[in-house]
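Trainee: Top to bottom, those sequences are chains S and B. Taking the working numbering, I'd label the letters of the first sequence as residues 4 to 231. Taking the working numbering, I'd label the letters of the second sequence as residues 1356 to 2184.
No wet-lab data here; the hints were simulated from the structure. If you're wondering where the values come from, they're calculated on a predicted model, not measured in any experiment. Treat the hints with caution; some may be incorrect.
[Claimed, not checked] Below, a list of computed lysine to any residue pairs in the SDA-like style, where the Cα atoms sit at most 25 Å apart:
{"hint": "1", "chain 1": "S", "residue 1": "K26", "chain 2": "B", "residue 2": "G1980"}
{"hint": "2", "chain 1": "S", "residue 1": "K37", "chain 2": "B", "residue 2": "G1980"}
{"hint": "3", "chain 1": "B", "residue 1": "K1385", "chain 2": "S", "residue 2": "E65"}
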Amino acid sequence: MNLEETFRYLGYKGNMADEQTLKLAEECWQELEKRAEKRSCYKEFPISIQDGRLDMGCFQTESQALEKNLKGCSHVVLFAATLGVQADNLIRRYSHVQMSRAVVMQAAASAMLEDYCDQINQEIRQEYEKKGLYLRPRFSPGYGDFSLNCQPALIWGLEAGKRIGITLTDSLLMMPSKSVTAVIGVSPAPAKRSWNTDVQAASDGDKWNIKGCTACNKTDCLYRRENL
Amino acid sequence: MSTNILEEISRRKVFCDGGMGSLLQAKGLKAGELPETWNLLHPEILKEIHGSYLEAGCDIVTTNTFGANRLKYPAGGDFDLKAIIKAAVENARWAVKKAGKGFVALDLGPTGKLLKPLGDLDFDDAYHIYREVVITGCQAGADLILIETMSDSYEAKAAVLAAKENSSLPVFATMIFDGKGKLLTGGNVESAVALLEGLGVDALGINCGLGPVQMKDILKEILAAASIPVIVNPNAGLPRSEKGTTVYDIDEDQFAAVMEEIGQMGANVLGGCCGTTPGHIRKLTDRCKNQRQVLPGQKNRTVVSSYTHAVVIDRDPVIIGERINPTGKSRFKQALREHNLEYILQEGVVQQDQGAHILDVNVGLPEIDEPRMMEEVIKELQSIIDLPLQIDTSDLTAMERAMRIYNGKPLINSVNGKKESMEAIFPLVKRYGGVVVALALDEKGIPDTADGRIQVAEKIYKKAAEYGIQAKDILIDGLCLTVSSDSKGALTTLETVRRVKDQLGGKTILGVSNISFGLPQREIINGAFFTMAMTNGLNAAIINPNSQVMMKAYYSFRALADLDRQCGDYIEVYGNTSAGSGAGDAKAAGEKGENSSMAGRGLTSGRPSALVASPSAGQNVMELGDCIRRGLKERAHEAVKQLLAQKGALDIIHEEMIPALDYVGKGFEKGTVFLPQLLMSAEAAKAAFDVIKDEMSKKGLSQEKKGTIVLATVKGDIHDIGKNIVKVLLENYSYEVLDLGKDVAPERIVETAVEHHVPLVGLSALMTTTVPSMEETIKRLRKDAPWVKVMVGGAVLTEEYARTIGADHYCRDAMASVNFAESVIKEDS
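Chain B on its own, in the form it takes in the complex (with noise of 0.2 Å):
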């Protein structure tokens, strides 16, 4: 092309074309049918199609590779995939040069499928399947990429990455989102815009799902947020089906007359989607050609997103949880260690209950293989925890693994004003996007004063201005040095904070509680430095949410600084508990670490659950075995540490807690107890383990297992609900369980027993469609580990079912798995 699309748009409205489907439909297509084989069946036919939206004024043709991907065209089918998109371009290609204007845009679609972990698709397979689409597009002469009708930010993702990596032509994304604003799979406005942006894409913008109408609000609030030009391409109006064809609630001069509106409130881009004919476009185009066009304006906010929102970094100060961090902790090494990601869950789960905005990620020990560990605790975390993540990691490569499958635009920690630090840092925040913490250090070290940090942060701003990157997607660290060997060190710090702010225009954050390095009680000093730091304009601060010193300090301050109206959140936070209860409990316990008995609460609530859970002290401490018994977590917790002033842990154990244990069980079997009074039990025994664990390794002692058992959800399967019910109760009793997760391959299940020498191996399917593979797996084991027992489980399993593929055992529920283990092992042993 002699011009490119981008200065077009930057000189005038630029327009797209408007639906395909139906014209297709009009010729002829019919249901089932795929249309993108029509490229190459009747090309006559796209050809026209294209050239009536150039003729109608459109100046972006797309292609019709909708669902052109290697999911709905295989190898080996029908129609070669390949042949398909080329065909595609060709065809655009020709209408454009028959019309002597124009651009081709190759159209990227959804997969049609979830990713992980809500769906089956693998981040990574996406990633190839658009990969294969932009690579065969770009060659057969596209001019740029459009990635529309994306309701998954995480899949939009994936395809920005495939565009961007694989061409070098412009790249569009429009998203599709429900009449609030808000993806179908949980994300918003200011999380889509944060992570195309962060992305790099040239526009984004909205598409289908929506009328012209509906699209005007969550157009301001696109244009509100982006920095680049928008994008709209609404349906034809609200669809209904009237004798079996759809029509909708508004015409095309009505559409045309809303468009015109949009066009004026500065959308910059404009074209429709489905339903939209060439009447439609030329319509909108004869109104709006003419209208002036104005970019958005650069929006100089600092914002890092989730994949369900946004957390804006700004006066308002953000608090990110620092515990998921082995620094100093030696049961997070040791969990590390163990690869035991349940307890680097819990941690990120209760400071998300006691307020965290942001959690930081810090996966690092000598021992580890550091990359691999921080991608799967990333996955993890983000499958179950909706806050936005700080990537914590000096590992370069285990820092663009996290950077390229977080779903959002994550916040990075760190870069420093060291040359070498920010060659290696600054491509990467250019390629994915995020918010870099910046460390006000370089060659020749820490500065003293906080002119001298000031002219680091200086240099650092600059350096990332040469990679593209903004002043506002960098946080200055000032630094804290710890008070005790400075005594200036505070004030230097403060003075750092405030003159980023006030002099350079830019935003701060601290590891706040580095200050009272070597001060005995740090919470004292490191609360009151929090409230002069935010006093002096901190925009982010890395602290221990579960310490109630420093969210005093937090909500306090925003209380006394007028970013609390009317005091709300302190009186939610505040309003029920009396000085010197509550809150100091929870602190102690969060202190320790034993947070296992208030996970789980306070979820949506957003309200710290700390100050709801934790028995004071005085209350009536019940038996241990009447609380597992009961189902009573928080009880079996204190019951517990009193009675191991009395007795050993494992005479606690065989006395207390196992024979209270098969009451419940067997309650269970003869239908008295029922699956969530088990379930609370395990839950409660499990606290209870947790404190003996503890006082065990404490004395450098550890619980003997019973025996190893490897438990996974079939492949092909993603219900693991079964499964996880099993392992609680298999933990319970002293056994090892080596879980594999769902959605298992059986070559890993058989490796994974042969490695260990398991004894048993627990598999899970909930569908019929997936006791193929259950049938497979163990076939496989049977050959390469013919020891093995295998017992299986699942709702559409029967005792007859089991028997047929050729299970061991047949559970019909969680208790008859513990049944069976104690009896495969017994013998083994």
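Bound-form chain S, shown alone (with noise of 0.2 Å):
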């Protein structure tokens, strides 16, 4: 359970929550365990860069945040994980019957989303290591300035319709709506620790090496973290 990750994205910004909030989000995260159905995929491609092209196989773009990010990669892993449909029934139910509980059920399945994304990611870095390989940290679409557009090429890529029921909506929104796409660039060297902090981050093994908000540029956002 993590209570923590849940308050922050209540705007909590580290305060403490009172008894009956705190009861509340328990019971929210108990409800999920038992509903959510947690899936995810992942798949390997090559990639190339050239002149500011990044060229993953199943699709192409370009992003400075991204290249930056997978500069000194041979491959990437594209990466998808969901928590289902009956996560966003959960939500949707509450929020006709009792809206206190939607929200608190919102940010619940936010960080349990994160968390299960956390966990898949270091098994996939476990598997890498093992030959010798380094992943840098995970990189959504709609991050820094890597386009939503890419959505419909990188799940087409790794089937994550047929295989987890990741879709789009017109405006490319993921729905289920707690679902995750990345990309993980994939290096025969460790991060160096000078590039930036999160890659800095990442060489340490910290546990906010695939987290991290220096790449985005909305500094007012109520869920930015500090001290990154």
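From these two lone chains plus the hints, build me the complex, please.
Mentor: Listed below in structure tokens is the structure:
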């Protein structure tokens, strides 16, 4: 149960929750644990970078932030994970019945999804480290200047629709809503310390290694992490 | 074709082809290239692939049309959809002609989008997407339609309806299950089989997702449920990625060996999916072609389903909640007139929490558009409640519309022995599937004797059979008449129930509470009669699950009749309550319809929550303001009741409630109170308002609203939580909120603003991709409703962004919207 993250998503900014809300958050986690159907899939693709253009086999894009992240990588792992439609169903149901619970459920589901992504990411990392390869921090469309327009091709390339049920709406939102897609660089060398804070943290094996707000320009964000 | 594929299946094992995508890739199809374009670009390759499958021994070749639909090939794009489909069928046709054998299956895959309410594709749009493919494919000469790789039962329903209504070809449908036998959208084998058989497909089964080894357990489940031929088309095994290419954990020989077992288990049509090749199919057909074909027998099971699960109606009685029905309920009628869906949904949620297995839905009221209301209520209910529904209406249009958009196999209430009724209802049951309640009455009225009612039941069974509707899909209602006017009435009903079971081998249902009409303390009679009816074999009861007397009868009957092993359910429900406490209070609350105070609990526990909630008498009553500040819903409910004895409703609102809400709101703005607390306070206030509203309506008063505000999440955006939060708060501050929902077209927002001449519109957008549609909405509002103030909010918006798109006010949080509303509406008045 990751209550700390749950409350960060609820805008607590490190403040303590009162007992009643704490209990509510715990109940939401319990309900989600019962109902959410965590699924993920990933697949390796070769990558080439030329004149600022990134080609990942199933899609091409331009993104300075992603390019920086993938510098020195020979391959990428495309990754997708979701909590499935039942998490959305829970949130939808409670938004008709008890809004306070819907809001906490929403935050708990986001936190749960992040934890799940971290867990799978860690498994992939270990798998690659056995082969003497290192993973870069995971990087998602919509983050920094990595365009959301890459979503259809990324999801198609992963067959994420058929395999884990992720679809896109006309405006490129993922459905089920508690879903993540990401690109993870694979490199023969561990990331250098001097790169940027994200990557530095990654090489430290810090638990924040695959999180971070540094590449994002929205500095007034309610959820922005301090200290990074 | 000279022979029919269904005849072939009845005689021998029939074989499908294998994978298409991997073969095309081997021939040079690039990643990201649309495979269906090759029907036109490289017809020779497609012909060759189909030909090699036929040569390998398959009977059915599937057209390369998995993704050929309007969404992937929009009008005006590089390729013409119809030309692609036509070429696909022609390529397969060519191969069949050359081989001198085989059938061409028009392949329909998923649209790639999720249907509403999970996603943004409308059911009707999905239907039309498939309809176009079906019509084109049939004209081009397909022999059958294969709907495959469906992970959503709702989408499968749209595809099957499109296939059945626009062609006369056999329709096969296969779903993609995970290793646990579940669909990605939550359904299971039994619910999928119920839906597909109800819709009248000719064969059903499983494909993709798993290898043959993992499919064996799921096949067992399918065979236990299905009464029609079963198809199994697995992947070549479980895939893994090796140096960028996909390899499978088993080889062709192992694949074929497992498929041989699958054939022996009882699969009737066998083939392959991803990764399988003509090599796989050759080995498979070699091993299975001489196997004896045994078709699944008729399963005499009465099953209804929702999108997540099936409910079997058999010896263990099923409870159908009767509360979604305006008869005799003024508050419900008012909700229907005011289009207050929230109230109706609450009735559903509470009944589910109380243990109902199915919900009856009746929204008939002379002054409303019943078909429209029925459709809307069914859609809303199935978006938040996963119980099967019973469509209860005498309006045929309403019934058909509800059956069409229902995501599952519904219960239908009702048909009777009159010729006119049967001729109207049975075709609908045949078309959409369903279990139908059949009242044992006819042109001559209600027979006085059980003999007479049994005769009507027999007539109904017979007539249904003429329409191809089996006895298992009929529940005979032996008719409960009030015992106060006929002292033998109950006995006649019970005899009918017993004889339908023993003599006709049928299933029964009763609207139990009719028995006590006109008597005092009706529950006493209802509870006793319910037990008697169950003892006589009643299979389904339409009752009020909020009534503890009825639920006590139900749980104790099950414990006593060996339907509740080791009394587990009984103990779970009643183990922690002492007689006379909890349950009794809950009952009282339920009867008065004051259910809002307990809503939202016990969703997944499967345990009646009324036993948990409800404060008992004698507990200290807290100050109302305190209850609201601390977000204590149940206590606020109690406190306001006490307060009403001393103070007028309006005084309570202004002196107690508003100051408490303001206090919390200010705390939220200062950052000392957080969103969940703000909402809990709002919910406590709402619980109190509900009590006040009841009190006022008893006196014929209504609460004055400050003004009307339109709220909507803009077109393209389907996140509505932020908007819903705002709604809860605005309503607490006595604004009338017209909530248009999510993904709302600009025109609709403008129309509503104009029609109601509202002073304020609130718009929400969560994603950068949907802000342009917010801008568009504002532009149109400026043009057609220049008086309207527009406030906007949502994760991606900022003060500056809001200004650029022309909004009057940016709301950084929910309280900001209340403050802006207060300032706008004050100016306005």
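Trainee: Give a verdict on every hint.
Mentor: Right, here's what the structure says about each hint:
1. With a CA separation close to 22 Å, the supplied pair K26 (chain S) and G1980 (chain B) stays within the 25 Å bound.
2. At roughly 36 Å between alpha-carbon atoms, K37 (chain S) and G1980 (chain B) are farther apart than 25 Å, so this suggested pair is violated.
3. Distance hint between K1385 (chain B) and E65 (chain S) is fulfilled; the C-alpha atoms sit about 21 Å from each other, no more than 25 Å.
Of the numbered hints stated above, the single one contradicted by the structure is hint 2.
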